[in-house]
Amino acid sequence: MPRRKRPVRHHATPPKKRDAKTSQPLEPLLNVHAIQGNILTGFNKDHQQLIALKIRNVEDTRRWLIRVLPSISSLFEVHQFNALYKARRVRFGQTPHGLIATWMNLAFSREGIAKLTSSADADALPDSSFRQGLGKDRAEFLGDPVPEGEGDPTARWLVGGTGRVPDILMIVAGDDPVQLASEIIRLRPGLKDGSGAPETMWEEKGEVLHDQPGHEHFGFKDGVSQPGVRGLISRKPKIYLTPRFLKRPADGSPEFSKPGQPLVWPGHFVLGYPFGDRSNGSRRDALPLARPWFKDGSFLVFRRLNQNVSAFKAFLVAEAARLARQPVFAGMTPERLGALIVGRWPSGAPFSRTPNVDNTSLANNDVSNNDFVFTVDTPPPDFLPKAGISADNFPRAMEGTHGPVCPRGAHIFKVNPRDQSSDVGSSFDTLTRRILRRGIPFGPSHPDPLRGDDGVERGLHFLCYQASIVDQFEFIQQDWANNSGAPTAGGHDLIIGQPGTPQRSLDLPAIASGNGAAKIETSARWVTPTGGGYFFAPSIPAIRTVLSRE
Amino acid sequence: MKINRFDPPANIGDFTSNSELATKWNTYMSKNFSAGVKDVTKTVTGNGGGTCQFYNPVTNGHSEPDLDPADITWNGFPRKFLGNGPGVPPDFAKAEQLVSAGQARNQDEYLEWHVMRNTAGKITAIQFTCEGYDYYEFLGKEAPDMLLSLYQKFISPTVKKSDLFSGVKYNLLNRWNTHDGAMHLTHPANNLFAEVILGAQATVRRKNKAGVEVTSADTLCKCGGFGDEGRNSDPAIGAAVNALARQGRMITLSNPVGLYIDHIDDSSFRLPDGSHATGWFQIIRGTPGHTLRAVFAPPAGSMFTVSDIKIGGSAVQFGGQIAQKITMKLTGVGSVSTLIQNSPIACVASVGAAHITRSASSTDIPNELPTRGGR
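Residue numbers (the working numbering), protein chains in the order written: chain H, 1 to 550; chain P, 551 to 925.
Possibly wrong hints are sitting among the right ones.
[To be verified] Within a straight-line C-alpha distance of at most 30 Å, the following computed DSS-like cross-link-like pairs (lysine-lysine) qualify:
1. P:Lys759 with P:Lys574
2. P:Lys630 with P:Lys672
3. H:Lys247 with P:Lys860
4. H:Lys86 with H:Lys205
5. P:Lys759 with P:Lys592
6. P:Lys644 with P:Lys703
7. P:Lys710 with P:Lys574
8. P:Lys691 with P:Lys672
9. P:Lys759 with H:Lys17
10. P:Lys757 with H:Lys247
11. P:Lys759 with H:Lys386
12. P:Lys574 with P:Lys691
13. P:Lys581 with P:Lys691
14. P:Lys552 with H:Lys519
15. P:Lys581 with P:Lys552
16. P:Lys588 with P:Lys759
17. P:Lys630 with H:Lys17
18. P:Lys552 with P:Lys672
[What the hints assert, rightly or not] Calculated from the model, a selection of chain P residues having no Cβ within reach of chain H, i.e. all distances over 12 Å:
19. Thr601
20. Gly626
21. Thr769
22. Pro848
23. Ile895
Source of the hints: derived by calculation from the structure; they are not laboratory data.
All residues carry an ideal CB built from backbone N, CA and C; glycine is no exception.
Next up, chain P with everything else stripped away, as it sits in the complex (with noise of 0.2 Å):
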């Protein structure tokens, strides 16, 4: 694949009227995309595993015939909240904890949603997001005017400049992004800097002591230092990435780079009168199949709230509930092509589980990529 440019993640029309905008955010994505490829490179040949089969689709695409793009999809509800053992169910309460300003929610799978409650206790509506938190710092720096626009428009007409910004630099911990709202993600490691660099370490190949081609999602993740193995996201990423990889494929991520809530399968919810509760997952950044961000709330003239919804009989009582039946992707790209035979190299040190963050002042790719135990 080549391309002119890396866009906006799902084609937003945030840089429509503003050319210098799309220009400095395809220098950040295409820095992104050339740290993968200049890490990787530095692993694969550094440790004997061949050539780098990730690649910068601007800088260094290639006009080669591709595969049809693949779709990585996994579960939006954090799998640390799953229950363990037959039957124990998720804690719903605990993966929507309230936070503060200054704190980030404990939701990992890429998407974080924001519960909002009436005076009784019912929910009125649930925000769902699933953008970056790396796209709006880059707005904060790039076009702060339009990031305050953005969380009037999504958040609250109220949300005021000095809110988000601590002097010029953008505060994406806000009140209005956690204890408030959900403009973007929040969690260290959901992130667009992340799932780039997840993509590139995924194509590196990796065997066990024994020396055995390491294929299996988690135990991949943990060998190849990428993600964090107790995600529904990273595993899956990486695992799908990789097996490009083992066929031999130059592999990138499709244009526009993002992470999307695919769909949701509202087709069980059900209203108290017996109808369905169709119109109340309504996007309204990005498009289906390439959504940014959603709200679930009752349609305009509604006389129900989101409680009163139930789901195969049991009432709505958290987001969490909603969010187990969003399915969640991104978009990998192999070259049909099958003609790189790298060598598994051995795993990386294990230290901890991984969060590839992004620097909350800067937009500038570090020198060094942190693997596992990063923040």
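Bound conformation, chain H alone (with noise of 0.2 Å):
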């Protein structure tokens, strides 16, 4: 029996745009249950399946939609599952046992929108590189490296790539493997859907690594910064999205929810909400949407990124050995280059407020490891009292007039300058370069990294959320990472920089006392793409009454 139709639901622009108690901004309420789960508050899992679909028949595909319709998980669900585990965690000091969840969230290529839809309204999405697609030539803009003996980057992709762009990729991410594997089952579309129904053209389990939680190959805590997103789930009572920890500073300066998370306006995440002016942050009101069924979606980007994990340490020994011949690099370690490449020590502990040593109490602190500023010695944090939080006894990040800094070229430093101008604007501006990252990692790790290439495949599904693909994930990638002159002046990043040259380089400030400084220079990457698109994650209502026609 068909399920009962449900008109998509649009909230009304807000009648005032203030609070009237704190005069402040009025947040807007968001569309919990029509924003997809892993777009604001993200899965968290610690397994995650990509699973990439063609659409053979859209009657099928529309048929298979409706039946994984009620699956789809909603930023409400993800974000009640996410509160209670918080706090079940906190109460009994480690991770509750059996608390576990399934989740699934679907999104579209252009061609898969343009399929289930029309093509007039796949080309009336608002950003041009998802309208282009994640081919050869978004490829060659972002820099990815071209195959020997092809002409397209993305010739050799496993997934996606010119001309072979899934239409729909299905994220399915759970706590336990078992349940996973059988929820994909249930999901996958198959016969019982039609002949038609959706050809699996790839999938790929992603697990956060065994013996080293929570980071990535190389060997670093991934996703320890990631923006606050400003709105309300709730008006009355009145519950913030992301909650506040910290005082409103009085001087128009960012404000944070706690310290290193700026509340970023949810526009530059959900198409339809309001959006932060670039030059002062204020809010602004939402952009019109050309079809009213865009409003509370998403773009999502993925890459499917290999990582070298032999060459980026091999590299890492050569380098510090040759450093530390150098007076002002003395002590050079492999370690501490590396730590000095990503702005982070393995832990997460970051390079501004540990320069000489790795500190896994400060890395394990999540209130202190993001704690840092680069432009001025970082003040103590002003809480709130309700926070109950109290400031912490690591020494404060310092602006670097008497110790070592975090290299400008750092990638913590090239994708995120937090208070440092960058090429283009104040740190306003780069509040609204900011994305939601909720990627993980592929591939076991690697046993003995500097016993030479295991031959076996590892890396990162990298996936971001945001508003607009070129101003955000694409800006990030290849006007920052690839530039050396920005954000600001300071070399490459050499984790994730793909500039023209083969060569990359990064400017590195001393780290013992004296004036001085090198470059290092590496023609080897180690991060390669190997499959990716761009995507648009719809709401559920959009899903169910465009997409599937339910």
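Dock chain one against chain two, each of which comes alone in its own frame, and use the hints as you go.
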């Protein structure tokens, strides 16, 4: 029996733009039952399978969509679960045993949407790169390497690329691998949906590395720094999506939810919401949308990034030995060089707060490990009394007059220069470049990287959500990571930077006393794209009423 | 840093055979620096801010060691024409509206460009310049024949002296530098004097009404009353210089003082045959890393126009698409010594965006320097 049709719900524009009590800009009520759950809060699961699908028959695809519609996880569900999980972890002091969930979200490429609606609809989506798709042109734009003997960077991709863009990307994630596998069987399109049900083009499992949870394959803690999305999940009682632990600054500087986590208007991640002015951060009204059903959707970038762990580690060993022979780099170790290149130690502790040695206590403190800025001595955080948090005792991050600083080409600086003005604006502009990362590693950890390549493929399923692929993901990759002179001068991002030249370089300030610097250079690539695509994750009502036409 | 003289931007060889000109240029630049020192000294001493951290390396250079020169970079496409809102594209057309004689280009990132099209509307070449107009005013006053020869070399052999001068006065907004070409910068803010004064004024430490030191780029620019916080360049320059000041260093600009094209990222430029657009960005004045003038045009023998190039699959329709891939820079120098611990002083009164201009009729330094709300 067909489900009762429900109309796409759209929140009316708030009648006022300032909170009557606080005089602060009014934060919008997020459409928590419409926005897919992975976008604003994240699945945060140890196991996550990506399944790329090709539409063969539109009607059978709609039939499948209608079948799996109830399983598409909403922001409300995922947020509620994550809040419960966190509460129990705090109460028990350990991972809450038995509290598990399995989530599923969908995203569609331009071709996928065109097949299910029309080319006119697909081309009305407000992102030119999405409309182009991640084929040869955009891959070249991103600086992706062209395999020898090929004319297209995507020629040997395992998923996506020119002419092979999946129509649909299904993300299924869970805490328990057995339950996840079972859910995938249930959700996967098959004959029960019709002989022309979507075909699986590619699929791959991503998993948290069991021997180094939360870390990517090079050994560094990943996903530490995420923006705090403004917006309410409930007006009465007033509940913010991102809890507030810090007082609002009086000087008009960016507001933070907790140290290192600036508040960003939801319009930078989900269509149809207020966004921040790039000059002063003030609330700007949502941009008009060409189709009502675009509201509550978000653009998803997927990149399958291979990581050559042995080459990266070998570089660190050789380069650290070379640098250590210079007086101002005396004592340089491979681990410390890695921390300079990344901006964090393997534990996730920021180099700025512990420039001499890794500090796992600092890394494990979720408030302290992101509490630093780049241009001034980082002031102590001004916590709200109700937050119940006091300042930590770890050394504060210093701007560097009398000690080592995080290089301006370090990965974490290149992709998020924080308080440092960039080549295109102030820290308010930087807020408009932020993305919500939802990546997870694939492949096993390298058992012994210094013994060389073991022939096993490993890397990262990089996933990120944003309201503009052009202004956010592509800008970060192309204008900052690939550019030696941006956000400020300092070299390339040696982790993900892909300039057009074979040589990449990073300016390294002295780590010992004295004036000096070095330029480290390499033509080696440790991260190579091997798949990907640009997608749109529509609202759940849009999938129901427009794409599946339930 | 101590130097014997200020050299022309990029050490360009304009004065090679004319030591008198070189001396006069040094005098002009030295006056600029001294004006900056005088202005800042008045500001900090008059407000209890300590001592001036900006210095003239010719008249008051020091022999103590310096930090490695620090490049300060920014994007060449004007910030004001970028879209405001996720996915809102830049207004490329507005950024390069053709100007007539007497009008300045509305391009304020120390990079200006002039687009040349054929009768079919296709772009055949784009001239890029980052040379301050005061350098050309200087040539107009001191070496008018050289000025004419530069125009004839880079703009058109048909340029006549009478096109450039009204009597003996050089007309920087002449037709060959506006409607028919871009010989040098025209925007009121785009001059070397402004660069020096901005660098000087940015050494002043500032605090807000709450007494908290101002460090963020745009706020500092506004508070310090230098430049325009709506640009990419001025806040970036100011923030970088002020960071050195907060560290207690003595600061100056690297010789040769200039505003430079650092590099272009043309790695994603593709021709219709799929090949890279190699050799299209041609440096014709200055050197790589210190480029004063460049032309983006088909190399000899190419069968394509600029409009045939695609960037990430999008056809080039405007010069701004190329400008957006250009990184600009200037270079500052700070002393190793960090002994000067000045006190932050209050912000200047805000009266609007600042353009630090040079008089078009004179290379003399004004007694009172403009702050915000200048021309």
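Here's how the hints hold up against the structure:
Only pairs whose Cα atoms come within 30 Å are accepted, and Lys759 of chain P paired with Lys574 of chain P is rejected, the gap being roughly 44 Å. For a cut-off of 30 Å, the pair hint linking Lys630 of chain P to Lys672 of chain P stands: about 26 Å separates their Cα positions. Annotation: proposed proximity of Lys247 of chain H to Lys860 of chain P is violated, straight-line Cα distance about 48 Å (limit 30 Å). Distance hint between Lys86 of chain H and Lys205 of chain H is fulfilled; the C-alpha atoms sit about 25 Å from each other, no more than 30 Å.
About 21 Å separates the Cα atoms of Lys759 of chain P and Lys592 of chain P, which keeps this hinted pair within 30 Å; it holds. The hinted pair formed by Lys644 of chain P and Lys703 of chain P meets the criterion: a straight-line CA distance of about 29 Å does not exceed 30 Å. For the hint pairing Lys710 of chain P with Lys574 of chain P, the CA-to-CA distance comes to about 25 Å; that is within 30 Å, so the pair holds. Simply put, Lys691 of chain P and Lys672 of chain P have alpha-carbon atoms about 38 Å apart, too far for the 30 Å limit, and the pair is violated.
Simply put, Lys759 of chain P and Lys17 of chain H have alpha-carbon atoms about 27 Å apart, close enough for the 30 Å limit, and the pair holds. The hinted pair formed by Lys757 of chain P and Lys247 of chain H meets the criterion: a straight-line CA distance of about 20 Å does not exceed 30 Å. Between the alpha carbons of Lys759 of chain P and Lys386 of chain H the distance comes to roughly 28 Å, so the proposed pair stays at or under 30 Å and holds. As the CA atoms of Lys574 of chain P and Lys691 of chain P are separated by approximately 11 Å, the hinted pair is consistent with the 30 Å bound.
Restraint check for Lys581 of chain P and Lys691 of chain P: satisfied, since their Cα atoms lie roughly 17 Å apart, inside the 30 Å limit. Only pairs whose Cα atoms come within 30 Å are accepted, and Lys552 of chain P paired with Lys519 of chain H is accepted, the gap being roughly 26 Å. The suggested pairing of Lys581 of chain P with Lys552 of chain P holds, with an alpha-carbon distance near 16 Å, which does not exceed 30 Å. A hinted pair counts as satisfied when its Cα atoms are at most 30 Å apart, and Lys588 of chain P with Lys759 of chain P qualifies at roughly 26 Å.
Proximity of Lys630 of chain P to Lys17 of chain H is assessed by CA-CA distance (about 25 Å); at most 30 Å being required, the pair is judged to hold. Between Lys552 of chain P and Lys672 of chain P the CA atoms are separated by roughly 50 Å; this puts the pair beyond 30 Å, and the hint is violated. Residue placement check: Thr601 of chain P keeps its beta carbon more than 12 Å from all beta carbons of chain H (closest about 18 Å). Listed as a non-interface residue, Gly626 of chain P fails to keep its Cβ farther than 12 Å from every Cβ of chain H; the least gap is roughly 9 Å.
Its closest Cβ contact with chain H, about 7 Å, brings Thr769 of chain P to no more than 12 Å, contrary to its assignment away from the interface. For Pro848 of chain P, the requirement that its beta carbon stay farther than 12 Å from each beta carbon of chain H is met, with the minimum near 19 Å. Listed as outside the interface, Ile895 of chain P is consistent with that label: its C-beta sits roughly 16 Å from the nearest C-beta of chain H, beyond the 12 Å cut-off.
Checked against the numbered hints above, the structure violates hints 1, 3, 8, 18, 20 and 21; every other hint is satisfied.
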